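Protein chains in written order, with the numbering used here: chain A, 20 to 779; chain B, 64 to 280.
Take the hints with a grain of salt, since some may be wrong.
Said to hold, decoys possible - Listed next, the in silico EDC-like pairs over lysine to aspartate or glutamate satisfying Cα-Cα at most 16 Å (straight line):
1. B/Lys221 x A/Asp673
2. A/Lys401 x A/Asp337
3. B/Lys221 x A/Glu712
4. B/Lys221 x A/Asp676
5. A/Lys517 x A/Glu486
6. B/Lys228 x A/Asp714
7. B/Lys151 x A/Glu486
8. B/Lys221 x A/Asp714
9. A/Lys401 x A/Glu379
10. B/Lys221 x A/Glu717
Keep in mind that the hints were calculated from the coordinates and are not lab data.
The structure presented is a predicted model; accordingly, all values stated were derived computationally and were not measured.
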Amino acid sequence: MFGAAYFLCAGASSFLSARNSPFVTFWLPAGLFLAVLLSNPTRHWPWLALTVLPANLAYDLLYGTKFEVILFFYCANTVQAVTGAWLVRKFVAERPTLATLNEFFGLVFFAAIFSPMLGAFIGAATLFHFGLSHSFEQSWKTWWGSNAMALLVLTPFILTWPLKSNKPRNYFNQPNKIAEAALLLLGLITFAWYLLASDKGVMSPNKSVLIPLLLWAGLRFGVRGAAAASLFLSLLLAFFTAQFFFGLTPSQISSGEYVFVMQMALAMASLMALIPAIVIGERERTLAELRESEERLKNLSAAAFEGICISENGKILDVNNQFLVMFGCERTNVIGHQIIEFVAPEWRNSIAERIRAGQETIYGHQLLRKDGSIFSAEAQAKMVHIGNQTLRMTALRDVTERKQVEQALRESEEKFSKAFQASPDGICITELETGRFMEVNEGYCRLFNYTREELLGHSGTEMGIFEDAEARSPFVQAVRDTGSVRDMELITYGRGRKKILVQVSAECIELGTHPCIVSVIHDVTERKRTETERDESIAREAQARAEYTFQLIASQEAERMRIARELHDGLSQNLLLIKNRAHLEMSRTKLPDAVRDELQSISNLASQAIAEVRQISRDLHPHQLDLLGLTRALRALIENANESSKIAISGKFDSADDLFQRAAATNVYRVVQESLNNVLKHSHAKKARVTLERDVHELQLRIQDDGCGFNAGRNGGGKGLGLKNIAERVRMLGGKIKLESEPHKGTCIEITIPISAEHD
Amino acid sequence: MLNRIKVLIVDDHPLFRSGLRQVIADDPRLQLVGETGDGETALKLVEDKKPDVAVLDVNLPGLSGLDLARKLHIQRLPTRVIMLTMHKDEETCNRALDIGARGFVLKENAVEEILKAIVAVADGEHYLSSTISGYLVRRRNRAESLAAKKPGLDDLTKAERRILKLIAEKKTSREIGAELFISPRTVEAHRANICSKLELTGSHSLLQFALENRSAI
Chain A
20 MFGAAYFLCA GASSFLSARN SPFVTFWLPA GLFLAVLLSN PTRHWPWLAL TVLPANLAYD
80 LLYGTKFEVI LFFYCANTVQ AVTGAWLVRK FVAERPTLAT LNEFFGLVFF AAIFSPMLGA
140 FIGAATLFHF GLSHSFEQSW KTWWGSNAMA LLVLTPFILT WPLKSNKPRN YFNQPNKIAE
200 AALLLLGLIT FAWYLLASDK GVMSPNKSVL IPLLLWAGLR FGVRGAAAAS LFLSLLLAFF
260 TAQFFFGLTP SQISSGEYVF VMQMALAMAS LMALIPAIVI GERERTLAEL RESEERLKNL
320 SAAAFEGICI SENGKILDVN NQFLVMFGCE RTNVIGHQII EFVAPEWRNS IAERIRAGQE
380 TIYGHQLLRK DGSIFSAEAQ AKMVHIGNQT LRMTALRDVT ERKQVEQALR ESEEKFSKAF
440 QASPDGICIT ELETGRFMEV NEGYCRLFNY TREELLGHSG TEMGIFEDAE ARSPFVQAVR
500 DTGSVRDMEL ITYGRGRKKI LVQVSAECIE LGTHPCIVSV IHDVTERKRT ETERDESIAR
560 EAQARAEYTF QLIASQEAER MRIARELHDG LSQNLLLIKN RAHLEMSRTK LPDAVRDELQ
620 SISNLASQAI AEVRQISRDL HPHQLDLLGL TRALRALIEN ANESSKIAIS GKFDSADDLF
680 QRAAATNVYR VVQESLNNVL KHSHAKKARV TLERDVHELQ LRIQDDGCGF NAGRNGGGKG
740 LGLKNIAERV RMLGGKIKLE SEPHKGTCIE ITIPISAEHD
Chain B
64 MLNRIKVLIV DDHPLFRSGL RQVIADDPRL QLVGETGDGE TALKLVEDKK PDVAVLDVNL
124 PGLSGLDLAR KLHIQRLPTR VIMLTMHKDE ETCNRALDIG ARGFVLKENA VEEILKAIVA
184 VADGEHYLSS TISGYLVRRR NRAESLAAKK PGLDDLTKAE RRILKLIAEK KTSREIGAEL
244 FISPRTVEAH RANICSKLEL TGSHSLLQFA LENRSAI
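Model the full structure from these sequences, guided by the hints.
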């Protein structure tokens with residue numbers, strides 16, 4: 020497409036030049052070439068340059084130029100365009116838009132003036148060499164002029180009217196502007212016509228009449244308008260001059276001088292139009308930017324939380340709405356007033372000093388509202404120099420609420436701190452991992468008798484509060500596992516390895532990023548001792564009671580034995596004597612029958628009494644135990660029971676005579692006796708069996724019946740006393756008793772008594 | 064009277080003794096050679112006076128009547144013993160007979176029966192008070208059944224059976240002791256007891272018995 024455009028431009032250029040002239044007045048392709056190069060990235064330049072070649076070739080061949088000449092022309096055009104573009108890009112801008120004078124002059128100097136010189140050298144030399152021109156100087160001038168003019172007129176136009184406009188202007192919405200443009204166009208045509216037709220054409224000294232129009236374009240239509248206007252004018256003048264030679268003398272035509280004059284004139288016209296346009300554009304843009312930034316600032320200050328105040332020498336020039344809200348007043352009551360009026364009286368001196376000194380640090384102070392109330396605020400000021408003014412911009416922030424929150428926080432912290440310190444229990448905060456103390460309270464220090472300074476930064480293990488790391492680990496593990504610990508009992512040590520029993524409740528908390536443990540430690544040493552003492556005293560009491568029972572039973576046993584002996588030795592003996600005496604008397608001869616009968620009845624009575632005493636005595640104390648040993652005594656017991664009841668009682672007894680002292684043997688005997696009594700009295704059994712088995716380390720006594728049984732869970736019910744007595748005796752023997760019974764399923768009492776195996 | 068029966072009375076109750084003395088003294092067949100209230104003296108008197116019959120109270124201070132009777136029996140002294148007792152029970156009677164007493168007389172029947180008893184015992188017969196003569200019948204029955212029955216496992220204590228079982232496992236006394244937490248000496252004592260109860264002699268026969276009865280132990 021670029022190639023086609025190039026070809027068209029070249030064709031158009033030929034129309035703008037005088038026929039039969041070897042010179043092209045106005046070489047438009049040069050302007051196009053440069054503009055296209057500048058509009059594209061540098062890396063595309065070789066391709067673009069190559070595209071130009073066929074276009075150039077096509078045009079010049081049509082024109083009838085020799086092939087080698089065309090190559091030189093192409094060379095000249097390319098060198099000129101590339102050099103110009105490169106220089107502009109290097110020293111001026113990547114893609115100039117003629118937004119500033121800098122860009123414009125850069126473009127003019129490098130692209131429009133300097134680079135065409137190079138091109139002109141090559142082009143003129145070519146023309147001269149091939150005899151197409153007789154004057155190198157003239158050719159160079161024309162070449163340079165045509166190119167420079169094209170560059171000056173067309174390039175700005177292309178650069179300012181880019182094909183891809185990213186900012187479409189809606190001219191059509193502005194009918195006034197369109198009318199003005201039409202008027203300007205008409206003016207340009209009129210004046211150009213007037214110039215060409217009336218006077219000496221381009222050689223006329225009245226060319227300056229065009230200047231107002233160009234200025235108009237430049238001033239009213241910006242860079243684009245100016246570029247368009249100058250391009251239009253150039254095309255107009257060049258076309259008509261070249262085609263019709265208006266007002267030109269033949270000498271002027273033949274010398275080609277008019278060309279140069281026209282070129283100069285058009286160049287001047289272009290500059291005339293563009294420079295003011297650029298200047299105005301630049302200024303307008305600056306103003307727009309300024310307005311924008313001002314707007315932004317205004318928005319910013321309006322949106323700011325802070326009250327903002329601009330002052331000069333302590334006098335308020337402007338404030339934002341927030342400031343007014345903050346102080347509760349109208350703008351009119353603020354502007355022009357002294358800043359100091361808005362400061363609480365006691366702060367005025369220091370603030371005035373600050374304002375005078377121009378300090379810019381943040382400071383807190385108290386301010387005065389219109390209604391006389393005072394509030395705390397924080398301010399930051401900035402001194403700004405604008406022109407010869409020194410303004411102070413102050414941002415104010417109401418910190419009353421923050422102050423209150425801070426105060427509340429401080430108070431709550433203080434409360435907690437007091438509670439922490441005042442707690443009678445020890446409280447400490449330790450790192451979970453290391454066990455290092457982060458904080459301890461007085462209670463803690465008191466408990467372990469260390470100072471806070473000694474403890475902080477050290478672990479309980481280091482301080483010897485824990486026996487070793489092992490002693491702490493179950494506690495830490497518990498905290499890790501469940502996040503907290505309740506009333507865990509630990510053994511700890513205070514200063515001087517004083518053992519302290521403590522109860523610890525702890526909670527895992529995050530302090531910063533550290534997992535920590537807050538522990539509340541309660542000294543239970545005293546309580547434990549009391550508990551231990553109480554336990555001991557209970558044990559002692561139980562022991563005493565047991566001993567008492569033991570003694571009671573023993574003394575009961577002794578008493579029974581004593582009574583039994585008394586009965587035996589005293590009463591029994593006397594009864595025996597009575598009976599025997601009676602018999603002795605009866606054996607005498609010659610006794611009256613009546614006396615004999617009397618003696619007989621005395622003997623009988625005595626016999627009866629003896630039997631009774633014997634029974635009492637036997638119940639009181641089993642004489643067999645002393646006389647015959649435990650095994651036989653038990654056997655006798657069974658035999659007696661068998662004789663006196665319908666229950667078939669069998670027994671099997673391993674010999675156990677050598678095992679027990681008399682008191683212990685008595686207890687075993689009594690246990691069997693009591694159990695057997697229960698069987699006889701309560702069981703309604705048909706059969707019962709008593710066994711005594713002697714194992715290596717224990718003696719097993721079993722009394723079993725098939726009677727009615729009872730609910731063993733109810734501890735014997737009516738048989739309570741008997742069982743209690745049995746249990747007590749078994750306890751005295753150091754044995755164990757097992758009672759199995761269920762209603763209607765019989766009863767089994769199993770008693771196990773430990774014995775010393777080494778009995779012989 | 065050359066063949067008067069020499070009698071020794073041992074009873075700690077003086078009045079009762081005097082009653083007996085009177086009865087014996089009144090009988091021309093008998094000659095009272097001594098009387099005493101305690102076992103020690105009685106033993107000496109038996110050795111010195113060599114009575115034909117000693118009438119011993121079961122309950123004596125110091126050496127009891129039963130102990131004394133046993134001693135006499137063990138020493139194989141010719142003196143025959145009649146036990147006097149207040150206790151009307153079979154076990155005591157059996158015990159007395161077991162240790163060689165020939166007579167067993169309840170004290171309450173002493174005056175009536177003592178002369179008959181002494182004469183019978185001196186004649187080499189047994190004598191039991193009439194009210195307890197039933198015991199003798201039972202005793203005889205039991206003795207017969209006891210004699211018929213071979214000694215067996217039932218006679219052993221649980222501990223002895225336990226040890227017997229270990230013997231059947233061919234364990235030594237030391238091993239058995241270690242297993243039951245008792246000293247080997249105690250095991251040896253048990254073995255001896257088992258042997259005597261089962262009427263076995265020597266460790267070989269004990270092992271044999273243990274092996275034979277292994278399943279029953």
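A quick look at each hint next to the structure:
no.: 1; hint: B/Lys221 x A/Asp673; result: holds, 8 Å
no.: 2; hint: A/Lys401 x A/Asp337; result: holds, 15 Å
no.: 3; hint: B/Lys221 x A/Glu712; result: holds, 6 Å
no.: 4; hint: B/Lys221 x A/Asp676; result: holds, 15 Å
no.: 5; hint: A/Lys517 x A/Glu486; result: holds, 11 Å
no.: 6; hint: B/Lys228 x A/Asp714; result: holds, 13 Å
no.: 7; hint: B/Lys151 x A/Glu486; result: violated, 74 Å
no.: 8; hint: B/Lys221 x A/Asp714; result: holds, 5 Å
no.: 9; hint: A/Lys401 x A/Glu379; result: holds, 5 Å
no.: 10; hint: B/Lys221 x A/Glu717; result: holds, 10 Å
The structure is inconsistent with hint 7 alone, although it conforms to all the rest.
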